[in-house]
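Engineer: So the protein sequences, as listed, match chains X and H.
Each number in my numbering comes from the position in the first sequence (counting from 1) with 12 added on.
Each number in my numbering comes from the position in the second sequence (counting from 1) with 12 added on.
Since the hints were made in silico from the structure, they are not lab data.
Please note: incorrect hints may appear among the correct ones.
Claimed, not checked - EDC-like cross-link-like pairs, simulated, lysine to aspartate or glutamate; straight-line CA separation at most 20 Å:
1) X:K144 / H:D141
2) H:K15 / H:D82
3) X:K144 / H:D424
Number of protein chains: 2
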Amino acid sequence: MAKHEVVVVGAGFAGLQLVKKLRGAGAAITLIDRRNHHLFQPLLYQAATSVLSTTEIAWPIRQVLRDRQDVSIELGEVTDVDRAARTVRLADGTERHFDTLVLATGVEHAYFGHDEWRPFAPGLKTGADAAKIRNRILSAFELAERSDSAEARAALMTFVVVGGGPTGVELAGMIADLAHSTFPREFRRLDTHSARILLVEAGPRLLAAFDPRLSAAAQAALERRRVDVLLGEAVTSCTAVGVTIADRPVPAHTVIWAAGVAASPAARWLDVPADGSGRAIVLPDLAIPDDPAIFVIGDTALVHGPGGAPVPGLAPAAKQQGEYVARVIRAQLRGRPSRPPFRYRHQGSLATIGHRAAVADFGWIRLTGWLAWWVWGIVHIFFLIGARSRVAVALSWLWTYAKGQPSARIIDEE
Amino acid sequence: MAKHEVVVVGAGFAGLQLVKKLRGAGAAITLIDRRNHHLFQPLLYQAATSVLSTTEIAWPIRQVLRDRQDVSIELGEVTDVDRAARTVRLADGTERHFDTLVLATGVEHAYFGHDEWRPFAPGLKTGADAAKIRNRILSAFELAERSDSAEARAALMTFVVVGGGPTGVELAGMIADLAHSTFPREFRRLDTHSARILLVEAGPRLLAAFDPRLSAAAQAALERRRVDVLLGEAVTSCTAVGVTIADRPVPAHTVIWAAGVAASPAARWLDVPADGSGRAIVLPDLAIPDDPAIFVIGDTALVHGPGGAPVPGLAPAAKQQGEYVARVIRAQLRGRPSRPPFRYRHQGSLATIGHRAAVADFGWIRLTGWLAWWVWGIVHIFFLIGARSRVAVALSWLWTYAKGQPSARIIDEE
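Could you put the whole structure together from the sequences, leaning on the hints where they help?
Structural biologist: As structure tokens, then:
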């Protein structure tokens, strides 16, 4: 009998976890990704702010799955799904047959209908994004050091982070650390303390997904680091010379987008209902309506958690979904189908505010300050793949912690 | 009294060593570089073959010199020197005054008058070059895995390295290691042992600067790794589909240029005599004729060693020149000018052939095989800047040595 063919698209947290949990299930698995590596996105902001190198938080997919003879890995871009023919189509025009299909294609940036802002306000989803943001931040200080115009220097020294979720909070805190603790000793003409770091959030508080007391603690910690936190204000334009916040023009060389995401086009490929941000609406077993052999998981699916709230776009949620669908597929392959509804278990929320400060919300306990920072560090080290990355990242962090010299401050050449 | 202004252009081995050795000399030093980082070029081929990440062998110049209040660092590109006005001109049109000028601007690739080959055969001088080569090598295997055409696959699996000096030998050996030890377990359809690695050298032997017995040992070690060593043959054309070696067309997806270098335009800026590859011809005190306050050092100068042979373009030679000129400048500043002729002390030549094999030529002793490899590793760890890099690189090497899984195998996105 021919083996059951499982095609998985996307080697992020959801897709990779699914494939890992299908070990020994007897399926012929094809894992397709546009990139040759799995990226540990929760630490991507550290690559953007030069504490870590991208290679410390990215692993070749082939290496991660090298022992899995049942998995074939393809570097390729999926452009469509033909449900009737049971194939996915790739950008080069070729097709792959599936018996079971799992789409775990994640999210992209969304500029709320203003795609023209994209070149001026890069977001942070890929290693290339992190490099672009790192180059902009570091170049701003270098250009300011050489500038003789007070006006030009002020724009170079203005950093605008749009969006007060964990990524925005983390980026703003790290830029403040660069300006106020790493750089003062390294620049001779420029007073790097003159850096203005604006964190702009349209909602009423930072970290909307956390307990309000932690939102307040994060804001206080950022303000101690001289970050200007602007709540209830929106960016209304974004150009090569800066942004407009509400009605005020703010000249700024560096603008970073941490505000909105939109699902990848998985729902469109499948022609199934989606929510406002494009996420495929799936059934409680994470399959699409009327097609129990096609699943959508991770950030590109709208999944409801306990109480009906949507499951958040966090790495643990994605991994739980991958694990759940692996169980469903295994049951199917054993000829004993079983599909209890997916249940999300929230393990907590964590965000750092520069070095040595963080907020952690585990529901039963909330932490702030240096204790939260240590918890955050240990948790993240634990979830990195492989002993080598754990040692390398721990080394980078200890070094930066002890010396205040993040060492990956390399401006790439074009 | 105004301080004596020393302008140093280039923060490679020569320029950085000079600045280090001017500590406490009482000069006002300006160090100008196009890049914000010093690059450890002897290990760049490891970044190109994904053993190390570029950040492990690059250091922000400001960090290296953070304690030097007498040094001002500028990220900028020098485009000319006005000897009469005693200024250097930058690309943005501004100028910097000098009392003493030291040009240490290094070399660039030279394609023997065939600049049209450049896009098809990248060379290896910068971090960006290393990324480009790494992306090409890794993409070749990925595309071959997916290719259904035997002809296309053969071209994808052909890697041509042009030039049999240390860089060429090292690159060929590392590509062979990827094909024959790292990748066989990671690809499912592709037989990665089918890779053809050609090392093309126009001269009669590899590693012309080494003892002939070591050239033979390096060749034998490469051939054991199934590298085809072609001696006395030249590449006569280079296009998007491959190269022509002598008269034979060789379809190849990946061609790497490790053959020729030309000096940066320092001699042209100064309007002084240069040799055939553009190196400024300097006096025994490394100053230019008729202008004892302008020095040219490192790979962009033609310096004669003991016996009249040109000093080789090696890191230790560049550092010795930087140190020498620092002594000359210090003597001048103390009002006791002293310019004994520069004397080059050759410390030895080292080259690796993939993992666990190398050749080392110290003159008084020659080593090959694993012993040479350990000596090579320890020497290079020792010369890296800072404890953090030493630990990080040692960790990467030990990991690769033990597991055969170089971990920086990340294909960048455009």
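Engineer: If a hint holds in the structure, say so; if it does not, say that too.
Structural biologist: Verification of the supplied hints:
no.	hint	verdict
1	X:K144 / H:D141	holds (17 Å)
2	H:K15 / H:D82	holds (10 Å)
3	X:K144 / H:D424	holds (12 Å)
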